[in-house]
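So the protein lines, in turn, are chains A and B.
Everything in the first sequence is counted per the numbering used here, starting at 1 for the first residue and increasing by one.
Everything in the second sequence is counted per the numbering used here, starting at 1 for the first residue and increasing by one.
No lab work stands behind these hints, which were simulated from the structure alone.
Predicted, not measured: the structure shown is a model, and the values here were computed from it.
A hint or two may mislead.
[Claimed, not checked] Chain A stretches covered by chain B per the calculated footprint, using a threshold of three residues with CB under 8 Å from any CB of chain B:
no., region
1, 75 to 88
2, 117 to 124
3, 207 to 215
4, 264 to 270
Cβ atoms here follow ideal geometry from the backbone N, Cα and C, with glycine treated the same way.
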Amino acid sequence: MKLTNILDIEGLTFRYPEAPKEAVSHFDLHVPEGEIVVLAGPSGCGKSTLLRTVNGLIPHMYSGDYSGEVKVAGASVKGTDMRDLSQRVGFLFQNPENQIFMFTVERDVAFGLENIGVPREEMRGRVDEALRLLGIASLAQRAPHELSDGQKQRVALAGVLAMRPRLVILDEPTSLLDPKTAGDLVALVAGLRKELGTTFVVVEHRIDLLVKVADRLVVMSEGKKVLEGTPRDVLFGEEAESYGVATPSVTKLQKMLAHDGLATGGALLSPAELARELEERQR
Amino acid sequence: MMWLSGGFVFRRGDSVYHRLDPRVKLLISALMFVTTLLVRSVYELLIVIAFMVAVAAVATVLRRVGRTMALTASFSAIIFLINLAFTRNLESSFLYAIRFVAIVVSTSLFFITTSPDELEQVMKTFRLPRDVVFAFVTAVRFIPVMMLDTIQIMDAQKSRGLELEKGNVFRRVRNMIPVLIPLVVNSVVRSGELAEAMESRAYGAVPRPTSLVQYRASFRDRAVAVAAVAIFAVAAYSFYYVLPVQFP
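The whole structure should be built from the sequences, with the hints applied where relevant.
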């Protein structure tokens, strides 16, 4: 069972130098390959720190008091260098603007591959594949300032996927996108999981967007894991809201209706599904 | 400042000249630059400028080069007047003034036809350290981003009552402080994020990174380079031996 995990975090505690409190404290998480895990919690709860321990920025770039263990596909992050980690864990940062370095889209997608010394012919194939996966092949020669925010996001993700990581971290990927583009991104993530079997760990405040595709919802507060379970279990529970998790309105409604025996409490329903169920019950 | 950006900022083009190997374009501009320093009379210089105009025509950037020349004229006039005041020599003062225009045009021809991507390739052929090349690349890459940043900060500060265009020169410079400080803070935050993203994508992992694109000089590039050197040789020779126009 443990062998199939792509990510194992055991008893992780991390404190930044000079910080009065631990940013992450006694944290455990085990993620089987191919899952989409959503990490939620108020700002400053340690989500960003946790993500950085997974791709190695902590402890390789930022040092501090580090104890416990983070393993990606069985290999300790602490004992693996950034060259290897960059091919195991992809990291999509919140602002796509600040992770596009080159003057053309295809050069930027190739950035990581150039850095690890992939031969040109192979690199060409991997860049083209990444562009295709994200549906941005037609943008290959564009300059970054000629792209929309949604397109920039896809370019940044293409650069991450070109490294062929088995685990991809998305740090608030929709925070700068309009609702339509944000929805498209979520659909894209679900599609990539299906096509490539990639595992995703997503930090997201807009739970409603992800609730349908997520396998698991983890809630953090003050550096600790406070809730973990399927989105249904966590969102139907009493505690989620007390930790500032924005329960989707449709879920709140469903919860109330289920309480009165007017709707099912078995699974999370989309607004359309809930409407259909209510309609059927009325007949 | 504006004439400078207009005269040196690359805009996409599709002429034969744009498609030349960037190193050949650099060679042509460098040779034109040197030639303007070699000439000893206004007539010769006019021949050189005529040649530059011809190159600009081939590169379909005639209008932009024309505008650059016009905008350089004011600087040129200052150079002319200062020279005239000190040397009291009309022809040599005129030569210096025109030479300035020629120098600007020769360099601007390179920059307006060479994309930042190609500039990077040129830097790589000179075997500059990767960090230096990358610093240049990101600097140029973030110019539009920083410009947008500046506009947003200016708007935000103006909406809070900052009057940028009021007062004398010193006052105006001081008015810029509320714009500059947020801009610097933003840039520091941005550079931190860039560093994280670079690190996450294995920047510096191997001493010799590979490159997705490779510029190979084609037969045409080589032919143009040879022709450029030949024209330069003929020009240099004739300016020295065939057309010895002396100053009075």
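How the hints compare with the structure:
{"no.": "1", "hint": "75 to 88", "in the structure": "holds (count 5)"}
{"no.": "2", "hint": "117 to 124", "in the structure": "holds (count 6)"}
{"no.": "3", "hint": "207 to 215", "in the structure": "violated (count 0)"}
{"no.": "4", "hint": "264 to 270", "in the structure": "violated (count 0)"}
The structure is inconsistent with the numbered hints 3 and 4, although it conforms to all the rest.
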